[in-house]
Each structure stands twice: as C-alpha cells, then as structure tokens.
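Single-letter residue listing:
2 protein chains.
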Amino acid sequence: MSKLLIVGTVAFDAIETPFGKTDKILGGAGTYIGLSAAQFNVDSAIVSVVGDDFPAEYLDLFQKNNINTEGIEIVKGGKTFFWKGRYHNDLNTRDTIDTQLNVLADFKPVVPEAYKGAEIVVLGNLHPLVQLNVLKQTKNPKLVILDTMNFWMDNALDDLLKVVAKVDVITINDEEARQLSGEYSLVKAARKIQEMGPEYVVIKKGEHGALLFKEEQIFFAPALPLEEVFDPTGAGDTFAGGFAGYLAGTKDISFENMKNAIIYGSNLASFCVEKFGTEQMQELDRKQVQQRLEEFKKLTKFDIEVD
Amino acid sequence: MSKLLIVGTVAFDAIETPFGKTDKILGGAGTYIGLSAAQFNVDSAIVSVVGDDFPAEYLDLFQKNNINTEGIEIVKGGKTFFWKGRYHNDLNTRDTIDTQLNVLADFKPVVPEAYKGAEIVVLGNLHPLVQLNVLKQTKNPKLVILDTMNFWMDNALDDLLKVVAKVDVITINDEEARQLSGEYSLVKAARKIQEMGPEYVVIKKGEHGALLFKEEQIFFAPALPLEEVFDPTGAGDTFAGGFAGYLAGTKDISFENMKNAIIYGSNLASFCVEKFGTEQMQELDRKQVQQRLEEFKKLTKFDIEVD
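Quick mapping for you: the protein sequence lines, in order, are chains A and B.
To convert, count from 1 in the first sequence and add 34; that's my numbering.
To convert, count from 1 in the second sequence and add 34; that's my numbering.
Accuracy of the hints is not assured; some may be wrong.
Identical copies carry no separate label here, and so any pair may be met within one copy or between two of them.
[Unchecked claim] Each computed DSS-like pair below joins lysine-lysine, with the alpha-carbon atoms no more than 27 Å apart:
(1) K110 x K196
(2) K331 x K239
(3) K309 x K173
(4) K321 x K110
(5) K332 x K222
(6) K239 x K55
(7) K248 x K331
(8) K332 x K170
(9) K142 x K331
(10) K55 x K170
(11) K226 x K331
Read the hints as simulated data drawn from the structure, not as lab findings.
In isolation and in its complexed conformation, chain A is listed as follows (with noise of 0.2 Å):
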C-alpha cells in the first residue's frame, strides 16, 4: 500500500448557494482531498492545524477512512479557520463573505515521521511557504503534487513560484494558467507553466473538464454532464484527491496510468457537487464510483473506421 501525503487546511466553512445555505460543516482542501484519496487503496495521513473547537468526530471521520491524523495539529484555545462564501446563480462564481484564519495564521507543518517518505505528496492549496517547509520534511517523494489558487498569485507570487520549481505535477483552474502563464491559449498557457517547473500540467475546467499535458501530449477529461449542481465547493480539491489517490493506489505514476487518474479526479468531484460540502464524499462506496466510471466510458467512447 502506497503512502500519500497531504497538506492543506482542515477548516470550517459555511456555503450559500441558490439551492440553500450550511451553518459552520466540516470543509478545507486536506479535507476534500482525504476523503477522495480514501476511495483507492492508500495509507494517507494529512498535515494541518485545527483550534480545540474542532470536533472530535471529525477526527474519528478521518480516522475511519484510512486517514492519519497525527499530522493535524490541535492548538488549545485556538479557533480552526473558519470561510464563508455565496454562490452566484451560475454557481460559477462567488463571493467571500468571511475568512477568519484564526489557528493556521501562526501554522508550522510537523510531517509525521511514519510519512515523510510517502511515495506521493500532495501540496493542497495553502500558502506557498507552508507548502515549501512540508517539502522539505519529506524524503525523495516520487510524486508531488501541487495544487494551488490566484489568492497566492496575486500576494504570494515569488513563494509560489519557488514551489512550482519544485514539484511535478501542478493542478491550477483555467483562469489560474492563463494569470501564471500570461497566455491566453491554454496550450501555450500549459507549456510556459512546464517551462518553470513541472512536468505535467493539469488544468481544470469545472464544468468542461480537465486537460492533462506532458510536453506535446494531451489527454481531456470531460466533466460528467450533472443534471444539478448543488454545491461547487471542494470540486477541485476532490479532483487532485482522486487524481493523486489513484496514482497512489495503483503504484503507477505513469502518464498513461495519468490519464485515468484524472478521469477518476472527475469522476470523484461529480459526486462532490451533487450535495452541500462533504455530505457525498462522506457516504461515498466504491461500487458507486465504478458505476460512474461506466457513465464516462459512455461519454467519450467513439469508434470511427478511417478508410
């Protein structure tokens, strides 16, 4: 069984959409990509910081699905880091209510001894000098992940920078390669972004899918066709899950095996949409993920015969 290990905040969050609203439930990147990593066969352990206000069933839900919690840091008398957004009608866009760092202003990543030679990494997004300090607690990873947002583009740009050099993988959003890059075309966007680091590129495109690249190659993974979405929040979070958990469970970190890792990253995120925060990803079996995998076979399978 394959180590994976996470960073990423573990976080209260309060969403409104137009389909409702949530008082504070359990939310943050680590979360969303645990839970979807929890899907394949892998021992993953997440690093991040919560106050003593976290409860403790939340801990007890890591715990039971594979997930060391060593790594989560429990500050007494600290706050966890607390986010409230609202969702436009187009639940393409939204706007920040409130972001109350609390506990993760002050946050010093302590990596596990058991993990610090986890096979696979994933940096979720975070600041970029807390991804950094993980990076450097690991031992000859053969995998990392970075994932990211324009939140660090925008006030964090030369750190962010230093981590991109260093990992293999990056998921960012479309919009979020076309600000890193400076190009327009997602193809040239893809190629810039190697250009400073790593190796394979995935953008994200919500809706529309998710585009692998290496070098010249390319691979898309269409977005499973929804008939409602409920809640946007965690997709991209649960998509480098998937994606990393995959890699992690089948110990093969090639750029074929890439290809199903990131239709499985959109196979996972369909699910998360669907209902309020973590609500899916939390009742989530295995059976249900292979009869969805089925559905993106469907989706794209053609059979032309050129003459």
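We have chain A already, so just place chain B on it with the hints.
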C-alpha cells in the same frame, strides 16, 4: 451518394479579431456548412440568395466542391447580405458593427427539383419562416437538422418553435439552449428541448466541445485544444456541416454514427478557426482531416481496468 440539401446565408463578412482584420470576404452559414460537408462523399446543394455583386469565382468554388448552386438565386441589381463584426480579446464575445440584409430581406427560397428528395436537410441559420418554407418543398427527408441562434429566439420565437417541432436534430450553443429551455443545467435544457420536437439535441460549447443527447443517453465530443484561435467566425456552421456531411456520406443516421459525426464536426471546426473566414476550409484536404482525427482519438482515449 447521398444528397444533402442546405439552406443558409451566402454572404460577405468583414471581420476584425485581435489578430487582424479583413475587408469583405466570403461568408455566411450556407457557405460554411457547404464547404465543411464537402469533405465527405456527398452531393450537396445550397439554397440561398446573393446580389449580382457576388463574384463568379465564389460560385466556382462551390461547384469545385461538388456543391450544386442552382438554388442560389442571383438578384439583378441586388446587393449581397453583408455582416461586419469585431471580436473581443477572449474571442468568445463579439460586437456586430453592421448588418445589411440587402437581397436577404425578400428571399423566397426555391429548392432545385433534383434536391427535393434529398435524404438529409440542413436548415442553416436564417429566419425560421425561410427554414419552414424550404422544409415544405422537400419530400420525406430521412433526417432534418436545424441550426439557429438567439437572434431568432428574441425576434421570431413563435415561428422558430414551429420549425423546432418539425426537425429531428437541433444544434445550438450552450447559452441558446439555456435561453430556449429556461433551464441552466444543460442536461435539463436538452430534455426540455427534446420535448419541443427534436429527438436529438446537440449543444455546441465552442472551445469546450459539444454534447449530443438522445433520450437519456449523452455523448461528448471535445474541442481540440489549439495553440491559436485566429477567427471563430463560422465555427458553429462548420461543425453542423461536418456533422451533416459525415452522416450523408456514410448513409447511417444511427445514434452510434452520430457520435462519429459530432467528432467530425468538432474536427472540421478546429480547422475553420485557425485562419480568417473560409480560408482554411477552402484548402483543406481529406488527409489533414484524417490526421487530426488521430489527435481526437488520443485526446480522450483511456483504458481503465476495473478490479
């Protein structure tokens, strides 16, 4: 050889994109559909109208491409339909700077006798009453494909709905599908549009590919990720022309073959946008199209072994 009947504008376009601008060049939905369908083994005819300012060399071009021009009325002393537009930097939005209907204002389509029994009919973007008029002149076509746009939803919805009720396939873009159905989810939008008449709904998403719906079945054709999109004019018409031309050329209108047809539609549209106007479509040969088909295959083919 199947017969393919096309009604649509044959026009002059003046186009401005971030990469350059043109004076009056050959354009129009009928033109793009015809040139695209000409990549297949079909005997096609365009029904349209032009003024006597329309160059004979353009009519020669159609004939060279095995397109019958008997149904293109030339109005003595009349001026050809003219459209002038400017694309924004993202190439996804454009402003119409000038529209001169000219001879199109009083167009009474006449289907040539030899094409009244055409197996496949494409009703290209035009006033719905002109599309209806053409349909009335046909004799039991096997498949009628409607392409239209938001302009007719805004200005002639009742007439448009009459056409929609009579066709087998409708091809529209995502925003138009949402407008016509009142549904944001494209899955729900397609279902509602199917209830209006067409058994098959094709939703064109531009650089994000296209979806084909039949009952509960969905197929997705990606767009080829391009380094440079030069001019999107005519891409949707080229898509429809490739779709129709492939179906006519293979004489097979099954759902399975329609999957191949939208792959070819996407394939041909990818050539269309690489140069100004019809430039690339005029030069294109079958070998180039087959080479690009291989790229399409590589783009989405994956092979997951499920345990």
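Next on the checklist: Within, between, both or neither: how does the pair K321, K110 come out at a Cα-Cα threshold of 27 Å?
Outcome noted: neither (40 Å within a copy, 69 Å between copies)
Query raised in the report: Is it within a copy, between copies, both, or neither that the alpha carbon of K248 lies no farther than 27 Å from that of K331?
Result: both (22 Å within a copy, 17 Å between copies)
* 27 Å Cα cut-off: does K331 pair with K239 within a copy, between copies, both or neither? -> Answer is both; intra-copy 19 Å and inter-copy 20 Å each pass.
Next on the checklist: At most 27 Å between alpha carbons: which applies to K142 and K331, within, between, both or neither?
Outcome noted: neither (43 Å within a copy, 47 Å between copies)
Between copies, within a copy, both or neither: which fits K110 and K196 at Cα up to 27 Å? Neither. Shortest intra-copy (32 Å) and inter-copy (69 Å) distances fail the 27 Å Cα cut-off.
Subject >> Intra/inter-copy verdict for K309 and K173 if alpha-carbon distance must be at most 27 Å >> reply: neither (38 Å within a copy, 50 Å between copies)
Report task. At 27 Å max between alpha carbons, let me know whether K55 reaches K170 within a copy, between copies, both or neither. Result -> Close neither inside one copy (40 Å) nor across copies (53 Å); limit 27 Å.
Quick one: K332 to K222, C-alpha cut-off 27 Å, is that within a copy, between copies, both, or neither?
between (30 Å within a copy, 19 Å between copies)
When no copy is named, should K226 and K331 be tagged within, between, both, or neither for a Cα gap of at most 27 Å? between (31 Å within a copy, 25 Å between copies)
Quick one: K332 to K170, C-alpha cut-off 27 Å, is that within a copy, between copies, both, or neither? Intra 43 Å, inter 37 Å, cutoff 27 Å: neither.
Can you give me the call for K239 and K55, within, between, both or neither, at a CA distance of at most 27 Å? Within one copy only: 25 Å inside, 30 Å across.
Hints 1, 3, 4, 8, 9, 10, counting from the list given before, are not met by this structure.
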